[in-house]
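Undergrad: Sequence:
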Amino acid sequence: MLRLSLFCAIVAVTVAANSQEILRTQWEAFKTTHKKTYQSNMEELLRFKIFTENSLIIAKHNAKYAKGLVSYKLGMNQFGDLLAHEFAKIFNGYHGRRTIGGSTFLPPANINDSSLPSTFDWRTKGAVTPVKDQGQCGSCWAFSATGSLEGQHFLKDGELVSLSEQNLVDCSQSFGNNGCEGGLMDNAFKYIKANDGIDTEKGYPYEAVDGECRFKKEDV
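Here the sequence shown stands for residues -16 to -1, 1 to 204, where the numbers follow mature numbering (1 follows the signal peptide of the UniProt record, and there is no 0).
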């Protein structure tokens, strides 16, 4: 019995050591991939602890996915060393005025859903650009605005053109947006309408920081 207990203890220690080594390898790859640097050893230890906890959450969730208990998988990304409230502070910081106005608000449509397909994916129709990365900038509103317009442009002209989020970040403050501090799609649309257009991603690339407005209508 003593030998069995000792053997189990050795196995447990070995498994734990191997798991820790795997996590360390993944951590180094994470830092390299996402160009992560920290101001002190203490901060890196804290970030590694958070990374470890998030890795365990992902692993437990994906084990449920493998059993068919959930419908989607999780994966590590550049936010893996952040706590939830830190992520929210960076990306959910918009505190603009909440106003309702204009004459374009319509009542819900009465649609007979018996004729609708059970699923529909605009990506398979070619109406959606590849996934973009907003970086450390609270500009999700700009990506939402460009995404909807990209799809509408495709449906009208048959050409999928990636539009410039940075144009909106830099140029739509007078319409109520706050650049990397947040904004609203509605305000972005108002700017685009008043501006008679928006630049392309190629002509006005994304930088993930607030900058001076460099929009030139003649370039569009």
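Accuracy of the hints is not assured; some may be wrong.
Distance condition first, Cα-Cα at most 25 Å in a straight line; then the derived SDA-like pairs of lysine to any residue [said to hold, decoys possible]:
1) LYS15 / GLN4
2) LYS177 / GLY195
3) LYS174 / ASP141
Estimated spans, in silico, between C-beta atoms of each pair [stated by the list, open to error]:
4) LYS33 / ALA93: 22 to 28 Å
5) ALA93 / GLY160: 44 to 50 Å
6) GLY110 / SER3: 42 to 48 Å
7) ALA93 / HIS69: 37 to 43 Å
8) ILE95 / LEU29: 53 to 59 Å
9) SER3 / ALA93: 34 to 40 Å
10) PHE71 / ALA43: 16 to 22 Å
11) LYS33 / GLY119: 38 to 44 Å
12) HIS45 / VAL115: 18 to 24 Å
13) HIS137 / LYS51: 40 to 46 Å
14) HIS45 / GLU196: 38 to 44 Å
15) ASP194 / HIS69: 20 to 26 Å
Hints listed in this document are in silico derivations from the structure and should not be mistaken for laboratory results.
Bear in mind that the values here come from a model prediction, so they are computed numbers and not experimental data.
Glycine is no exception: its CB is placed at the ideal position from the N, C-alpha and C atoms.
Undergrad: So, for every hint listed, does it hold in this structure?
TA: Comparing the hints with the structure gives:
For the proposed pair LYS15 and GLN4, the alpha carbon gap of about 16 Å is at most 25 Å, so the pair holds. Annotation: proposed proximity of LYS177 to GLY195 holds, straight-line Cα distance about 21 Å (limit 25 Å). Taking the CA atoms of LYS174 and ASP141, the gap is near 22 Å; set against the 25 Å cutoff, the hint holds. For LYS33 paired with ALA93, a C-beta distance near 50 Å fails the hint of 22 to 28 Å.
The given range of 44 to 50 Å is broken by ALA93 and GLY160, whose C-beta atoms sit roughly 28 Å from each other. Take GLY110 and SER3: their Cβ atoms lie about 43 Å apart, and the range 42 to 48 Å holds. Remark: the range hint 37 to 43 Å for ALA93 to HIS69 is upheld by a beta-carbon distance near 39 Å. Our hint of 53 to 59 Å for ILE95 and LEU29 holds, since their Cβ atoms are close to 55 Å apart.
Distance hint for SER3 and ALA93: a CB-CB separation of about 53 Å, inconsistent with the stated range 34 to 40 Å. Look at PHE71 against ALA43: about 20 Å separates their beta carbons, and that is inside 16 to 22 Å. Distance hint check for LYS33 and GLY119: the Cβ-Cβ separation is about 24 Å, which falls outside the suggested range of 38 to 44 Å. Evaluation of the 18 to 24 Å hint for HIS45 and VAL115 yields a pass: the beta carbon distance comes to about 20 Å.
Against the hinted window of 40 to 46 Å, the Cβ-Cβ separation of HIS137 and LYS51 comes to about 42 Å, which satisfies the hint. The hint said 38 to 44 Å for the Cβ distance between HIS45 and GLU196, and at roughly 43 Å that hint holds. At roughly 23 Å, the beta carbons of ASP194 and HIS69 sit within the given window of 20 to 26 Å.
Violated hints for the displayed structure, listed by number in ascending order: 4, 5, 9, 11.
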